[in-house]
Amino acid sequence: MSLILVITAVVTLLAAVAAMSLRNLVHSALTLAVSFSGVAAIYLQLNAEFAGFTEILVYVGAIAILIVMAILLTRSGETPEKSVLTSGWLAGIAVTALVFTILGWAVLSSSALPAAPAVPPHVTVKDIGMQLMTQYVLPLEIIGLVLTVAMIGAVVIACKEEAPARILPVVAKTTEPQPAPGNPAAPIPAAAGAFKKAGAA
Amino acid sequence: MFGQLDQIFVTLLHWLVGFLPVAWRSLASSLLCIGFVISVFPGLFALVTVIERKGLGRIQNRYGPNRVGPFGFLQFAADGIKSLIKEDIVPRAADHVVHFLAPVVLLIPVLLAYAVLPFGQNMTIADYDAGLLFFFAVGGAVELSIFMAGWSSRNKYSLLGAMRAIAQMLSYEIPLILSAVSVVMIVGSLNLSDIVSHQNHYTFGIAHWYVFTPWGLAGFLIFFIASLAESNRCPFDLPEAESEIIAGYFTEYSGFKFALFFLGEYLGMFAICGLGITLFLGGWTSPVSWLSWIPSYVWFLTKLLAIVFVFIWIRGTLPRLRMDQLMNLAWKFLLPLALVNIVVAGLWHFLGAGALRWLVCAVILAAAYVALGRALMQHQKLGKRIYRFAY
Amino acid sequence: MLGEQIIKGMVVTARNFFGSYVSKDRLTTIQYPEERLPQLHSTRQFPMLVYDGDPEKGLRCVACTICEKECPPQCIFIVKSKDKKPDYKGQPQLYPAVFDIDISVCMSCSICVEVCPFESIKMNTAFELSTDNRFEGLLLHKQDLAKSNEYYHQMHPEDAGESDAVLTAEKAKAEAKAKAAAEAKTKAPSTATATAAAPVAAATPVPAPATAAAPAPAAPQPTATN
Amino acid sequence: MNPLQFCLLVSALLFSIGFAGAVTRRHAILVLVGIELMLNAGNLNLIAFWRFGPHPEALTGFIFVLFSMALAAAEAAVGLALVIAIYRHKKTSNLDEVKELKG
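Residue numbers (the numbering used here), protein chains in the order written: chain A, 1 to 201; chain B, 1 to 391; chain C, 1 to 226; chain D, 1 to 103.
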């Protein structure tokens, strides 16, 4: 088991712990990006280049920025004073520890794990393309549909409900503006007159 | 003789690495390649800053720097030393760790992007099978560092600049990738060396560059405009518009960190220009067959300098785009044109050789260009200006 | 069609760029230290003190401190000398022991030149006065300010000519008065009843005997200079 | 401890970190961050099994990871849109305070 794999794994896990435990949300989002790049590095070491590059493109390039934008849009960039943990956080930790022990025990003691093959698989983009276009054509179309639906849904949910108020009045017609009734010939030039009428209307 | 001259760097690398025991060879060769990139491209950055200031000067009927060194070509040294000497002020309210890390995080992806660019015949540092995807993946990570710079300076101008920069880079990344997709469809591989070798054939002496095909020309146009926006260059330099938001996301940076941002921006520009050359202008191939004795890396460098000069030329000409014009151009013109371009590339592939495909593709693209152009310029009639407050 | 205007703009800048290499007259920049623009006629930078002949004795300034009072930003500082020295008319006059101008404060308004009754302060045209010390470096003392009349002639020939004309006229008047006073003195002891001489002295249209100390009435002065 | 077990342990640990974060943190966005980590752990598992599994040329695990990344991106987009919408209404993104179902 190569040393580099261990180092990358440790970096990823530390970054993930930091992402979860830091008080300031923007710091946690940035450490999350570090842990995503760590996971991408692990993929590269497992000879899954395409997955590693996609991971960087999708997670570090898009999702990290999305999370950071959401943090700014909900104005939670400042470090909160009060506690950041929910009330029942102790139970959560207990359940997590339980989950991890079960998983760890299952991994370490199971005999069903296949032995590591000598030759690492060399996957080329052409193979992925062929597989995607032949065996996995249906999932490809569905994932395209899902992505479109998600995009439209996200825009609809996050967009402002009421139509943006039209501050600009409709372009004033070039008719000769009569002075407003009652007050003397107002010295206000035509544009403001239109503005006044539109504003008043 | 020209063969050795062409492969001089490759043979030099193998000769140097030959001294080391086998175990250390791969590490040594990658370190040498890194050394090559870190020495050549910052050197090119230094040269281009001077060329840019002199070029802009000449465009504006003045000389440009001609005091430091012969004809002003040591001006970059003066600027470099100035930025080193300048006091590095960090705002008190700034988030010191993130503020310090931002330029570093900007440089990492930019320098990584050079790993896959083919500078010359088999002179690619890391010839990944999915090299193009690697380039775009790493290119996408630059926005994170821009956000870090903007947010950590705790300054409204820098945050606003960072938001504008991210919005601009995100919305121009899509046409950038889609225009590259059309090249990948024709070549059939994401490997940049394959893309260049596909363009390495000659008919009547003219190279098979993709820019000479209708879809390639449209793709290159889209790619060029998107790369201008991706590197925050002239018509799209809203994020660092001095007149509006001082210096955008690097307002609160001074001294060497500011120089690092500058370096990062230029290296990003060279990388994206290098990719444009590889995809559309035949990477290191020579335009005409009787000139192919010139070494391949010289071709790559001349094309790079040519495109950089066009960047400077555009910077001397075009005024800055407003934010909504910028977004309209990306979403209502470049993106649809890129999609049409992909369809046309498909047509080009299935129509087979012959004059028919040239005609069909050219007509479709011209129609799409004119239609989208008219749609974009449709509401630009300069009507009567409405003043909301002053009158 | 989208892009037409961009191409037109690019052609203009391209013509400019390549034109600048072809025809040199496009480039209007003056390479400053080597090439210099010719001095304009009415260039004025900071004041200078004019002297005739010797910078110490020939200094025209008599420390009357009018310029110090009139200077809007108050950037002139004068300390009068204890002793006197003869001025161009030969009368003993005070002279400034210390005459400082702080050129970082001076705004080159040349009011001091207008109010100076003795043609001693004029506007210099030297502008390369940068120093590495912004306090003492920009405080010019009497020695730095003193410039010869020839330098003044070289700087502003017409104004120098006029101010010389005024001075010579002033000197001629003083000598004429001195001669008249001298004759009056010689005639008085010879003719005991010198009453005729007295009215003669009074009749001469000489303005009140301008004793050197009393400042000459400002009225005639400006008419003479412009 | 062969590499497969190591990768599985790392992904299990990553999963539990994500799970702990999602369960204990108060802020809505951090719950989404936890979910992203859990998805990443799942992907890591798939790649580990594909890499050390008997038929790596079948690419099943590999393609599965690509689809799961696309899905994770879609899910993150919708999730964050929800969080922003909730923030606009309730002016808070603190999960403890967002309890009523009334609009």
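A hint or two may mislead.
In silico lysine-lysine, DSSO-like type, Cα no more than 30 Å apart, as pairs [said to hold, decoys possible]:
1. K8/C <-> K85/C
2. K160/A <-> K91/D
3. K126/A <-> K90/D
FRET-style restraints, in silico, Cβ to Cβ [said to hold, decoys possible]:
4. T148/A <-> V298/B: 26 to 34 Å
5. G153/A <-> G69/B: 43 to 51 Å
6. T148/A <-> R67/B: 57 to 65 Å
Simulated from the structure, these hints should not be mistaken for lab results. In this text the structure is predicted, and so the values were computed from the model without any measurement. Idealized CB from N, CA, C, for every residue including glycine.
Verification of the hints:
| no. | hint | result |
| --- | --- | --- |
| 1 | K8/C <-> K85/C | violated (75 Å) |
| 2 | K160/A <-> K91/D | holds (14 Å) |
| 3 | K126/A <-> K90/D | violated (50 Å) |
| 4 | T148/A <-> V298/B: 26 to 34 Å | violated (46 Å) |
| 5 | G153/A <-> G69/B: 43 to 51 Å | violated (59 Å) |
| 6 | T148/A <-> R67/B: 57 to 65 Å | holds (58 Å) |
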